[in-house]
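**Student:** Generate the whole structure from the sequences, applying the supplied hints.
Sequence lines, in order, name chains A and B.
Heads up: the first sequence begins at 3 in the working numbering, then just goes up one per residue.
Heads up: the second sequence begins at 163 in the working numbering, then just goes up one per residue.
Rather than coming from a laboratory, the hints here were simulated on the basis of the structure.
One or more hints might be untrue.
Said to hold, decoys possible - Below 20 Å or equal to it, Euclidean Cα-Cα: the simulated SDA-like pairs (lysine to any residue) are: (1) A:196 with B:222; (2) B:305 with B:280; (3) A:88 with A:139; (4) A:196 with B:171; (5) B:191 with B:222; (6) A:88 with A:9; (7) A:88 with A:133; (8) A:88 with B:247; (9) A:196 with B:305; (10) A:88 with B:220; (11) A:88 with A:142; (12) A:196 with B:224; (13) A:88 with A:76; (14) A:196 with B:175; (15) B:191 with A:31; (16) A:196 with B:212; (17) A:196 with B:173; (18) A:196 with B:174.
Residues per chain are reported as follows:
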Amino acid sequence: MAPISRGFHGRPRRDVDPARVPPGQYVVNDFPVLSAGPTPRTPLEQWSFAIGGEVAANSTWTWEQFLALPAETFTVDIHCVTKWSKLGTQWTGVSLDTLLESVDTKAGYVTAWSDGGYTTNLSLADLTAGRAWIVYDFDGQPLEPEHGGPARLLVPHLYFWKSAKWVRGLTLTAEDEPGFWEQAGYNNHGDPWKEERYWGD
Amino acid sequence: MGGLTLTRAPIRWHEMTVVEIVDESAHAKTIVLDRAGWPGHIAGQHLDVRLTAEDGYQAERSYSIASAPEDPQLALTVERIDDGEVSPYLAGELREGDQLELRGPIGGHFTWRVENGGPLLLVAGGSGLVPLMAMLRHRAARKSTIDTRLLASSRSWEDLLYRDELTRMSGSQGLTLQYTLTRSRPPGWSGFDRRVDAEMLALIGPRVSELPRIFVCGPTPFVESVADALVGIGHPPSAIHAERFGPSGG
Numbered sequence: 003m004a005p006i007s008r009g010f011h012g013r014p015r016r017d018v019d020p021a022r023v024p025p026g027q028y029v030v031n032d033f034p035v036l037s038a039g040p041t042p043r044t045p046l047e048q049w050s051f052a053i054g055g056e057v058a059a060n061s062t063w064t065w066e067q068f069l070a071l072p073a074e075t076f077t078v079d080i081h082c083v084t085k086w087s088k089l090g091t092q093w094t095g096v097s098l099d100t101l102l103e104s105v106d107t108k109a110g111y112v113t114a115w116s117d118g119g120y121t122t123n124l125s126l127a128d129l130t131a132g133r134a135w136i137v138y139d140f141d142g143q144p145l146e147p148e149h150g151g152p153a154r155l156l157v158p159h160l161y162f163w164k165s166a167k168w169v170r171g172l173t174l175t176a177e178d179e180p181g182f183w184e185q186a187g188y189n190n191h192g193d194p195w196k197e198e199r200y201w202g203d
Numbered sequence: 163m164g165g166l167t168l169t170r171a172p173i174r175w176h177e178m179t180v181v182e183i184v185d186e187s188a189h190a191k192t193i194v195l196d197r198a199g200w201p202g203h204i205a206g207q208h209l210d211v212r213l214t215a216e217d218g219y220q221a222e223r224s225y226s227i228a229s230a231p232e233d234p235q236l237a238l239t240v241e242r243i244d245d246g247e248v249s250p251y252l253a254g255e256l257r258e259g260d261q262l263e264l265r266g267p268i269g270g271h272f273t274w275r276v277e278n279g280g281p282l283l284l285v286a287g288g289s290g291l292v293p294l295m296a297m298l299r300h301r302a303a304r305k306s307t308i309d310t311r312l313l314a315s316s317r318s319w320e321d322l323l324y325r326d327e328l329t330r331m332s333g334s335q336g337l338t339l340q341y342t343l344t345r346s347r348p349p350g351w352s353g354f355d356r357r358v359d360a361e362m363l364a365l366i367g368p369r370v371s372e373l374p375r376i377f378v379c380g381p382t383p384f385v386e387s388v389a390d391a392l393v394g395i396g397h398p399p400s401a402i403h404a405e406r407f408g409p410s411g412g
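**Tutor:** Here is the structure:
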């Protein structure tokens, strides 16, 4: 039973559907930026996206090849472990189902890696069945570098640190290998609806 | 403390008593808490605060820890965001003797301890000074002489958090404190008077060849611009630890 904070009334937002806001989160209208270091800026002609690791054959796409893949435009809610949620965000990108279609693997886990050295780990199950994308447009505009452009992973059913900014590839692995924040106190899985924020949650 | 290591133990909620509230500026207050039950922290870490209204409504936000791990009490400094939900309560309504629910410590990246070594470059924008102050207090508590440079950007001298304590620290061996006041300056001001730029950062040092550990904290545009400038003058991106905060109804 939480103690009452004397004199606190709060300001619950009447304009949002509470069923869309996970426990401990609050809804923002702006788009906060959280990154652990400087924003990398890779020229598009040097950009590529690679799938490797425990696979029969590696796959890579140049920026041009990536843009030529079948894309989807969709609207989802996103939830950051630092407590903000942003509802109804619109993205365009390529479904991981499309990217993994021709990949032959027995791996159960994935490390997404990014320019700047960031990594995050996910189960392959969390990346498939229409629940994850590599996105390059936000709200109809090219994704800005501070939000992860030119392209970021988007896994909206998990806390947003799993949606690696500046993503450049996926390494498929037999074992689950904790990534950057997962080694630094944050939960290995990160389901906002179960409030899996930190180690031990 | 010294031997604190990050373990995968659950991070618990604690109920703590407010023992003192200190005015730091017209917009910011430090909340000093009895740290009984606190598992300890590393300078630079943050914690979650949870408020509960009488009708059961709850609101949570994260705040940087201002106190050193060695300090006898736990301190947060909260800047009031006028249209915010939690910060006006913490920096306005909260009184000595009140209970506060909090959970932490959190974060294993934006952290520094004396054992990590130096040299150190700390760059603060506004209340981004809070976690960097924890590092300076930790350095002082350990009587470290590690080469440490602080560059703090503030709108005015009156807005600069911890200015009396910083002034007292300023003679400490190995410590260089520099300020830039971007809006108004007291008469006779001899410090910087513009936004932090590459030239200022190069002047403050340490030089790139000395491989400083760098910590930058402040509002998002400040951190973006400072981190870009640091990379621009040759610091490796991997040496730059950044913590950004934005105007999001805190």
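**Student:** Give a verdict on every hint.
**Tutor:** Right, here's what the structure says about each hint:
no.	hint	in the structure
1	A:196 with B:222	16 Å, holds
2	B:305 with B:280	14 Å, holds
3	A:88 with A:139	16 Å, holds
4	A:196 with B:171	18 Å, holds
5	B:191 with B:222	18 Å, holds
6	A:88 with A:9	28 Å, violated
7	A:88 with A:133	17 Å, holds
8	A:88 with B:247	17 Å, holds
9	A:196 with B:305	44 Å, violated
10	A:88 with B:220	18 Å, holds
11	A:88 with A:142	17 Å, holds
12	A:196 with B:224	19 Å, holds
13	A:88 with A:76	14 Å, holds
14	A:196 with B:175	16 Å, holds
15	B:191 with A:31	26 Å, violated
16	A:196 with B:212	17 Å, holds
17	A:196 with B:173	15 Å, holds
18	A:196 with B:174	16 Å, holds
When the structure is compared with the earlier hints, violations turn up for hints 6, 9 and 15 and for no others.
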